[in-house]
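Keeping their order, the protein sequence lines are chains A and B.
Read in the working numbering, the first sequence has 61 at position 61, and its numbers run on one by one without any break.
Read in the working numbering, the second sequence has 14 at position 14, and its numbers run on one by one without any break.
Keep in mind the hints are simulated off the structure, nothing from the lab.
For each residue, glycine too, the CB sits at the ideal point set by N, CA and C.
Check the hints yourself; a few may be wrong.
Said to hold, decoys possible - Below 35 Å or equal to it, Euclidean Cα-Cα: the simulated DSBU-like pairs (lysine-lysine) are:
hint, chain 1, residue 1, chain 2, residue 2
1, A, Lys65, B, Lys2
2, B, Lys79, A, Lys18
3, A, Lys71, A, Lys17
4, B, Lys79, B, Lys2
5, A, Lys69, B, Lys45
6, B, Lys45, A, Lys17
7, B, Lys42, A, Lys71
8, A, Lys65, B, Lys42
To be verified - The following label-pair restraints were derived from C-beta to C-beta distances:
hint, chain 1, residue 1, chain 2, residue 2, range
9, A, Leu41, B, Ser68, 40 to 48 Å
10, B, Ser26, A, Thr15, 43 to 51 Å
11, A, Thr20, B, Ala67, 41 to 49 Å
12, B, Leu46, A, Ser67, 20 to 28 Å
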Amino acid sequence: EAQVTQNPRYLITVTGKKLTVTCSQNMNHEYMSWYRQDPGLGLRQIYYSMNVEVTDKGDVPEGYKVSRKEKRNFPLILESPSPNQTSLYFCASSPYARANYGYTFGSGTRLTVV
Amino acid sequence: RKEVEQDPGPFNVPEGATVAFNCTYSNSASQSFFWYRQDCRKEPKLLMSVYSSGNEDGRFTAQLNRASQYISLLIRDSKLSDSATYLCVVNIPGGSYIPTFGRGTSLIVHP
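For reference, chain B alone in the conformation it holds in the complex (with noise of 0.2 Å):
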């Protein structure tokens, strides 16, 4: 089983849509979760960290369910510059925390 899973998508919604993606992880003693937005060919850069008592920037929400292992990311009103692959990091624990990147959600917003 692959430490970090992500649905690969692509989700394909229209504008002004909810979305949300999943990512499940295996080690349960894994500390820290991020997501990460990456456009086609260029850096990843992070959307947001993911606290144990959920976060909300603007349009979009990031919780954590340690019971069930996974972080999730719901986007409302969905922009087309929200159009791009979405990754999530969960830091696993070793000799200090591993970083390790789910494949990526891909999201395509049409108008």
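Next comes chain A alone, as it looks inside the complex (with noise of 0.2 Å):
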């Protein structure tokens, strides 16, 4: 099945402790990015990456890493979480990023900082 795939669900960590959320695509997409979602605020680009080895930053990268060393994988790092990066994070691949296509995203995850 083609899809996305998040890693965890849900996680509640403390202030400061390094903590990496993973995300997986099985359709060969070139194009991958991390969204986190608050109230009001709606979907967040954080960081993308066009293609392996090629990322860059969305709209809300501070406090955020990622890496793209394979095609498949594009994992999120928080290096020192705070708690104003409670939130959701979806992860969402595309076939390209030039072209006329739409996102598949992951599950989401749900994640607190305290």
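Take the two lone chains, each set in its own frame, and fit them into one complex as the hints suggest.
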């Protein structure tokens, strides 16, 4: 089944404890992206990747890191999480960035930082 | 002015009603447009792309008005299961096309 898989689905952590949210897609998509969704603010892009080893900042990159060493994986790293990073996170992928394609989203990761 | 704007609603309609949402965008060079559906606490799912000529999929019709810079989604014969938040997405041109999401319009279909 074609899908984007995120893990974990739920995570409660403490301020300052490094964490990684994994994202993997099995559709050979070039484009991958991370979003956070907060009430009243909608979906905001954190980072995106056009292809392997090509990443760029979205609208709200502060406090996050990403890497794209393989085409299928695009992990989101929070080196020192803070309470304002409590949010619902989605990973998404698309065949290409420069074409008229929609996006497939993962099921989301609900992160709470205390 | 926000790049992509939607009326947050909620739109509260009875079963069987016809309901329409609009989504305005500010960048006239925008390409590719989409409607997504998002159920509470779930991931957005692609509902339909929006083509210049308009497109229809069953009870759903999407249209693009480039002159006025908006896209629309029409739902006919609303079902209870249509209750969700509908997000519009506009690809804003840049180095690549950056997908920009509206904040969503909430639809509640009641018996």
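Here's how the hints hold up against the structure:
1. Pair hint A:Lys65 plus B:Lys2 holds up; C-alpha atoms about 26 Å apart against a cutoff of 35 Å.
2. Only pairs whose Cα atoms come within 35 Å are accepted, and B:Lys79 paired with A:Lys18 is rejected, the gap being roughly 45 Å.
3. In summary, the hint linking A:Lys71 to A:Lys17 is supported, as the alpha carbons are separated by about 27 Å, within the 35 Å threshold.
4. A hinted pair counts as satisfied when its Cα atoms are at most 35 Å apart, and B:Lys79 with B:Lys2 qualifies at roughly 31 Å.
5. For the given pair, A:Lys69 sits about 27 Å from B:Lys45 by alpha-carbon distance, which is consistent with the 35 Å threshold.
6. With a C-alpha separation of about 32 Å, the suggested pair B:Lys45 and A:Lys17 falls inside the 35 Å cut-off, and the hint holds.
7. Distance check on the hinted pair: B:Lys42 and A:Lys71 sit about 25 Å apart at the alpha-carbon level, within 35 Å; holds.
8. For the proposed pair A:Lys65 and B:Lys42, the alpha carbon gap of about 24 Å is at most 35 Å, so the pair holds.
9. A hinted range of 40 to 48 Å is violated for the C-beta pair A:Leu41 and B:Ser68, which are about 26 Å apart.
10. Under the hint 43 to 51 Å, the C-beta atoms of B:Ser26 and A:Thr15, about 37 Å apart, miss the expected range.
11. Checked against the given bound of 41 to 49 Å, the beta carbons of A:Thr20 and B:Ala67, roughly 47 Å apart, stay inside it.
12. The supplied range of 20 to 28 Å is met by B:Leu46 and A:Ser67, whose beta-carbon atoms lie about 27 Å from each other.
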